[in-house]
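Enquirer: Could you build all of it, start to finish, from the sequences and the hints given here?
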Amino acid sequence: MLKYWICAVALVFMLSACATPSQPTAMTASGVPLASKSSDTVSITVTGGRHTSSTYVSQISDADSREALKQSILKSALFSQVVDGRAGGYWLNAYIGALAQPLMGMSLTVDMEVSYTLADSVTGKAVWQQNIATSHTATGSDSIVAATRLRLANEAAARKNIEAAIAAMGKLGLR
Amino acid sequence: MRTIVKALGVAFLALSLAACATLQATKAPSADLSKISTVYVQKVEGDGYNIYQVITARLNAMGFKASTGASADPPEPVDAIVTYVDRWMWDLTMYMIRLNIQVRDSNTRSILTSGESYRPSLERRSAEEMVAETLDAIFKR
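The listed protein sequences correspond, in order, to chains R and X. Per this note's numbering, the very first residue in the first sequence carries number 318; after that it's consecutive. Per this note's numbering, the very first residue in the second sequence carries number 4; after that it's consecutive.
Hints may contain errors.
List of simulated lysine to any residue pairs, SDA-like, C-alpha gap at most 25 Å [what the hints assert, rightly or not]:
1) R:Lys354 x R:Asn448
2) X:Lys38 x R:Pro419
3) R:Lys477 x X:Ala64
4) R:Lys477 x R:Pro419
5) X:Lys143 x R:Ala481
6) X:Lys38 x R:Pro350
7) X:Lys143 x R:Arg367
8) R:Lys387 x X:Lys38
9) R:Lys354 x X:Lys38
10) R:Lys488 x X:Thr29
11) R:Lys442 x X:Lys46
12) X:Lys46 x R:Ile449
13) X:Lys46 x R:Asn448
14) R:Lys488 x R:Ala417
15) R:Lys477 x R:Pro350
16) X:Lys143 x R:Gly405
17) X:Lys38 x R:Lys488
18) X:Lys46 x R:Lys488
19) R:Lys477 x X:Arg112
20) X:Lys46 x R:Gln447
21) X:Lys38 x X:Lys143
If you anchor each label on the Cβ, the simulated ranges turn out as follows [as the list claims (entries may be wrong)]:
22) R:Cys335 x X:Met97: 21 to 29 Å
23) X:Arg90 x R:Thr337: 16 to 24 Å
24) X:Asn110 x R:Thr362: 18 to 26 Å
Hints are computed from structural coordinates only; laboratory data are not their basis. Just so you know, these numbers come straight off a predicted model, no measurement behind them. For every residue, glycine included, the Cβ atom is placed at its ideal position computed from N, Cα and C.
Expert: In structure tokens:
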């Protein structure tokens with residue numbers, strides 16, 4: 318009788334755990350030390366992200382990633398302002414090239430790679446290009462639900478990636 | 004109790020079967036894939052299914068000059084480096100459930116374009132077919 322109860326509880330747990338999208342607030346970096354800051358504005362575009370499907374696994378969308386990047390830049394004051402469209406003094410593009418996720422396991426490690434390009438809107442030329450790879454492992458102590466663990470690993474990998482990007486841009490000595 | 008367990012089992016099975024196959028490819032905004040003619044496929048350590056050979060063969064069939072090896076650096080200059088991540092599951096037999104392929108700039112290692120094929124058990128295909136559909140999606144063939 319006990320094993321049936323265990324099976325039933327386990328199944329209910331699995332069925333109730335739908336994939337949820339990674340949240341911008343959890344991907345936002347704060348307290349990034351900067352060597353220098355820019356007094357100019359920046360426009361941000363993010364590509365390569367995916368929407369989360371309830372039957373698939375937690376993903377990172379372009380819009381959520383852009384919002385996290387925007388809030389991180391504002392918190393760090395790397396640029397004076399983040400503007401929409403192509404009106405910024407600098408154009409920052411982030412291409413999410415890889416988000417490698419495990420299928421199952423108690424410890425779930427997500428590996429993320431983002432290719433960043435920062436261009437000067439005056440010249441149109443790239444002033445910085447870097448491929449940044451980060452990873453994070455979420456364990457059973459983070460959450461017992463696998464779908465949640467995967468989302469937490471996504472968010473932490475993205476947050477680390479944004480931190481590294483902002484720290485790198487802070488060393489450029491932008492105008 | 005058995006009825007409940009059976010009902011939950013059926014529900015779980017239905018949820019598993021409901022997952023659809025997906026195929027997608029994305030490209031960095033500034034990437035120009037038309038300039039790529041020579042590629043190097045970097046073998047993943049522990050590739051027990053020889054996916055690197057399947058990818059290399061498919062790229063050659065698509066008209067690229069493709070070589071492969073275990074080293075991270077190609078033995079001779081190439082236009083792009085191809086990396087991949089293959090995930091496998093067991094359901095009566097082993098099958099590839101997900102394949103990610105990245106095409107990288109040979110100098111900076113930045114990802115120029117990437118593709119993913121996801122196929123759950125009932126929509127499984129051979130490794131050759133999943134490699135072909137992913138590379139076709141990446142290069143828009």
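Enquirer: Against each hint, give a clear statement of whether it holds in the structure.
Expert: Right, here's what the structure says about each hint:
{"no.": "1", "hint": "R:Lys354 x R:Asn448", "result": "21 Å, holds"}
{"no.": "2", "hint": "X:Lys38 x R:Pro419", "result": "33 Å, violated"}
{"no.": "3", "hint": "R:Lys477 x X:Ala64", "result": "39 Å, violated"}
{"no.": "4", "hint": "R:Lys477 x R:Pro419", "result": "19 Å, holds"}
{"no.": "5", "hint": "X:Lys143 x R:Ala481", "result": "33 Å, violated"}
{"no.": "6", "hint": "X:Lys38 x R:Pro350", "result": "39 Å, violated"}
{"no.": "7", "hint": "X:Lys143 x R:Arg367", "result": "19 Å, holds"}
{"no.": "8", "hint": "R:Lys387 x X:Lys38", "result": "33 Å, violated"}
{"no.": "9", "hint": "R:Lys354 x X:Lys38", "result": "36 Å, violated"}
{"no.": "10", "hint": "R:Lys488 x X:Thr29", "result": "30 Å, violated"}
{"no.": "11", "hint": "R:Lys442 x X:Lys46", "result": "34 Å, violated"}
{"no.": "12", "hint": "X:Lys46 x R:Ile449", "result": "21 Å, holds"}
{"no.": "13", "hint": "X:Lys46 x R:Asn448", "result": "20 Å, holds"}
{"no.": "14", "hint": "R:Lys488 x R:Ala417", "result": "29 Å, violated"}
{"no.": "15", "hint": "R:Lys477 x R:Pro350", "result": "13 Å, holds"}
{"no.": "16", "hint": "X:Lys143 x R:Gly405", "result": "33 Å, violated"}
{"no.": "17", "hint": "X:Lys38 x R:Lys488", "result": "32 Å, violated"}
{"no.": "18", "hint": "X:Lys46 x R:Lys488", "result": "35 Å, violated"}
{"no.": "19", "hint": "R:Lys477 x X:Arg112", "result": "19 Å, holds"}
{"no.": "20", "hint": "X:Lys46 x R:Gln447", "result": "23 Å, holds"}
{"no.": "21", "hint": "X:Lys38 x X:Lys143", "result": "14 Å, holds"}
{"no.": "22", "hint": "R:Cys335 x X:Met97: 21 to 29 Å", "result": "27 Å, holds"}
{"no.": "23", "hint": "X:Arg90 x R:Thr337: 16 to 24 Å", "result": "21 Å, holds"}
{"no.": "24", "hint": "X:Asn110 x R:Thr362: 18 to 26 Å", "result": "23 Å, holds"}
Of the numbered hints listed earlier, those contradicted by the structure are 2, 3, 5, 6, 8, 9, 10, 11, 14, 16, 17, 18.
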